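S.K.: Could you build the full structure based on these sequences and the hints that come with them?
To get the working numbering, take the position in the sequence shown, counting from 1, and add 1.
Hints were generated in silico from the structure; no laboratory data involved.
Model, not experiment: these values are computed from the prediction.
Positions of the beta carbon are idealized from the N, C-alpha and C atoms, including for glycine.
Fair warning: there could be bad hints in the mix.
As the list claims (entries may be wrong) - Taking lysine-lysine pairs in the PhoX-like style, the calculated list, with each CA pair at most 20 Å apart, reads: (1) K293 to K339; (2) K135 to K153; (3) K416 to K293; (4) K145 to K91; (5) K252 to K239; (6) K370 to K339; (7) K234 to K248; (8) K416 to K313; (9) K106 to K72; (10) K153 to K72; (11) K344 to K379; (12) K344 to K302; (13) K234 to K244; (14) K106 to K432; (15) K432 to K293; (16) K432 to K288.
What the hints assert, rightly or not - Estimated spans, in silico, between C-beta atoms of each pair: (17) S7 to K72: 24 to 30 Å; (18) K72 to T441: 25 to 31 Å; (19) K57 to R78: 35 to 41 Å; (20) A195 to L289: 39 to 45 Å; (21) R378 to F358: 55 to 61 Å; (22) R298 to D208: 46 to 52 Å; (23) E346 to R388: 21 to 27 Å; (24) A237 to K57: 39 to 45 Å; (25) S198 to A237: 18 to 24 Å; (26) S198 to Q13: 50 to 56 Å; (27) S198 to Q294: 56 to 62 Å; (28) D208 to E438: 34 to 40 Å.
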Amino acid sequence: MIPFSSQRALGQDLATHLLNEHDNEYMEVADVRGAVADDLHGAFAEWEAQAHALTKCENYLYSLSINPDPKQGQLSRDQYLDYIDQAEEKLGLSGQPRAVVFHIKYDREHAHVVWSRIDLESEKAIPMSFDRDKLMMVTRLFAKEHGLELPKGYFKGKEEERGQQLSLYEMHQQKTTGLSKAQHQEQVTDIWRASDSAKAFVHGLADRGYLLATGKRPYVLVDLYGGMHALPKMIADKTVRTKDIRKFLEKAYPPESLPHVDEARELVAQHRKAMETHIKAEQQADKLAMLKQMQARRREKLEGEQVTVKQKQHQARLNLAQQHKGEQASLRAAYVVKANLVKQERDQNSPTGLAAFLGRVTGVELLRKRLHRYQDRKRLERYQESRRILSERQLHERLDLQRRQEMQALDLDRKVRALNQVETRELRSLKEALQREVRTQVRGGRDQVPSLGLKLTPRGRLAAPYKAMNRYTSRIALEPFEAAMRGASNPRPIDLTDDFSRVSGQGDKEGDGDRGSKSLTPKSQSSNKFRSGKRRRDQKPDLDRGR
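M.R.: Printed below as a string of structure tokens:
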């Protein structure tokens with residue numbers, strides 16, 4: 002049982018990582034608590050909004066991965082939840098919003114738990130001090146309750162046996178190349194112990210796929226895959242210090258004479274490309290097609306949900322419009338019926354004969370008509386007020402429906418964007434896996450970097466056709482070499498002995514004997530002038546002493 006925890010931000014990136022189905026044989030979102038959204042991207046976005054609105058906390062998430070020992074059997078879901086509840090209580094995260102995700106990778110099941118650190122009542126972020134120690138206490142207690150054995154690093158005095166956690170850069174290099182940091186260290190250490198001189202050491206590095214360069218540090222190794230390694234850290238021998246390495250190399254290979262890291266990476270990139278171009282891509286195309294099919298099936302479900310939601314929204318709008326028309330018609334009909342009933346009642350109660358004559362003579366009939374008009378006007382005003390209230394209520398209902406449908410559409414669009422992010426991450430993971438597979442094939446299945454074919458002469462010059470890439474050397478013709486690398490038919494023989502001798506300074510005697518020759522390149526003339534000036538400076542002390 003090994004827990005690994007961290008405080009972090011970038012919830013959308015974490016959700017994309019957790020939903021990556023290419024890197025995991027099985028993925029399940031088991032629980033999302035404390036969020037309106039039922040998916041990880043939506044939940045993490047809500048928690049991020051709460052953190053930015055209520056606090057100044059940047060790392061608003063607390064992530065915990067639970068990795069049981071597969072040799073001791075898989076944990077049940079109840080055991081996982083028991084461990085999560087204990088850890089939650091110990092860390093002070095009880096009742097906080099959380100998400101639980103289960104993965105199966107390389108036939109090994111493990112769980113990820115992500116909590117929101119924002120306490121909504123106090124509007125503060127929950128502090129996570131001494132969280133590693135608290136998790137170790139929970140792990141010890143959980144192992145004791147369930148009869149599990151723990152690694153030696155969990156016991157007092159054994160912390161040094163836990164090993165050192167890899168950095169993100171080292172994890173990325175191991176993921177893309179298939180070689181761990183320990184394997185690189187083992188190779189470089191073997192070369193160091195087997196070398197009796199600086200030249201033998203540097204040539205041994207080149208044979209094992211490492212090019213000596215310089216950067217922010219005096220001596221840096223660049224491997225075939227563009228990885229950069231500090232040379233002192235690659236020698237797994239505590240008796241060897243950085244000053245010992247510099248003393249061993251600086252005479253034959255001073256740092257200022259070495260190619261820069263960027264130049265070395267360009268060189269190895271060309272060499273790597275030449276080695277990997279012959280690998281066929283049929284199997285890669287099949288894997289890409291399989292991933293596309295899986296993504297299409299998953300997207301089909303979301304697209305079907307979009308179509309269903311659009312149909313439901315359209316039907317809801319029709320139903321609401323029909324309901325509103327019915328309410329308006331009912332109100333109007335009620336007014337007409339009431340007006341007819343009043344008219345009938347008035348007709349039945351109207352006076353006739355002598356009563357009608359007396360009413361006209363005395364003015365009672367005039368007052369009755371005024372009273373009826375007043376009653377009709379009030380009834381019309383009540384109808385108009387009822388119709389206005391009904392219109393306002395119907396308008397609010399239409400706006401509420403429109404807002405709900407817009408929110409549904411935005412939620413679906415957010416899910417589509419989240420799915421696009423997951424698919425992009427899966428394609429990148431597939432690309433890294435295929436690249437790692439190609440590089441393994443290039444290595445022939447061996448756990449070592451192939452030979453670069455690039456070697457440094459003393460003083461740091463490259464003794465290879467790639468020498469033209471070095472800023473300390475002159476430009477030489479690469480067409481024959483490139484033709485040979487491409488597999489061209491009947492390439493011209495490659496004879497670069499004269500070029501190497503002239504550039505590296507091995508042909509000093511020939512150059513000195515024919516300084517006026519027009520066959521010398523501008524680089525050769527400048528080199529000869531530099532050597533002549535050096536000889537004059539060497540003779541000057543003698544003249545001073547003669548005076």
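S.K.: Work down the list of hints and note, for each, if the structure agrees.
M.R.: Going down the list of hints, with the structure as the test:
{"no.": "1", "hint": "K293 to K339", "result": "violated, 68 Å"}
{"no.": "2", "hint": "K135 to K153", "result": "holds, 17 Å"}
{"no.": "3", "hint": "K416 to K293", "result": "holds, 18 Å"}
{"no.": "4", "hint": "K145 to K91", "result": "holds, 17 Å"}
{"no.": "5", "hint": "K252 to K239", "result": "violated, 23 Å"}
{"no.": "6", "hint": "K370 to K339", "result": "holds, 18 Å"}
{"no.": "7", "hint": "K234 to K248", "result": "holds, 16 Å"}
{"no.": "8", "hint": "K416 to K313", "result": "holds, 18 Å"}
{"no.": "9", "hint": "K106 to K72", "result": "holds, 15 Å"}
{"no.": "10", "hint": "K153 to K72", "result": "holds, 16 Å"}
{"no.": "11", "hint": "K344 to K379", "result": "holds, 15 Å"}
{"no.": "12", "hint": "K344 to K302", "result": "violated, 63 Å"}
{"no.": "13", "hint": "K234 to K244", "result": "holds, 12 Å"}
{"no.": "14", "hint": "K106 to K432", "result": "holds, 18 Å"}
{"no.": "15", "hint": "K432 to K293", "result": "holds, 13 Å"}
{"no.": "16", "hint": "K432 to K288", "result": "holds, 10 Å"}
{"no.": "17", "hint": "S7 to K72: 24 to 30 Å", "result": "holds, 26 Å"}
{"no.": "18", "hint": "K72 to T441: 25 to 31 Å", "result": "holds, 27 Å"}
{"no.": "19", "hint": "K57 to R78: 35 to 41 Å", "result": "holds, 37 Å"}
{"no.": "20", "hint": "A195 to L289: 39 to 45 Å", "result": "holds, 43 Å"}
{"no.": "21", "hint": "R378 to F358: 55 to 61 Å", "result": "violated, 28 Å"}
{"no.": "22", "hint": "R298 to D208: 46 to 52 Å", "result": "holds, 48 Å"}
{"no.": "23", "hint": "E346 to R388: 21 to 27 Å", "result": "holds, 24 Å"}
{"no.": "24", "hint": "A237 to K57: 39 to 45 Å", "result": "holds, 44 Å"}
{"no.": "25", "hint": "S198 to A237: 18 to 24 Å", "result": "holds, 21 Å"}
{"no.": "26", "hint": "S198 to Q13: 50 to 56 Å", "result": "holds, 54 Å"}
{"no.": "27", "hint": "S198 to Q294: 56 to 62 Å", "result": "holds, 57 Å"}
{"no.": "28", "hint": "D208 to E438: 34 to 40 Å", "result": "violated, 24 Å"}
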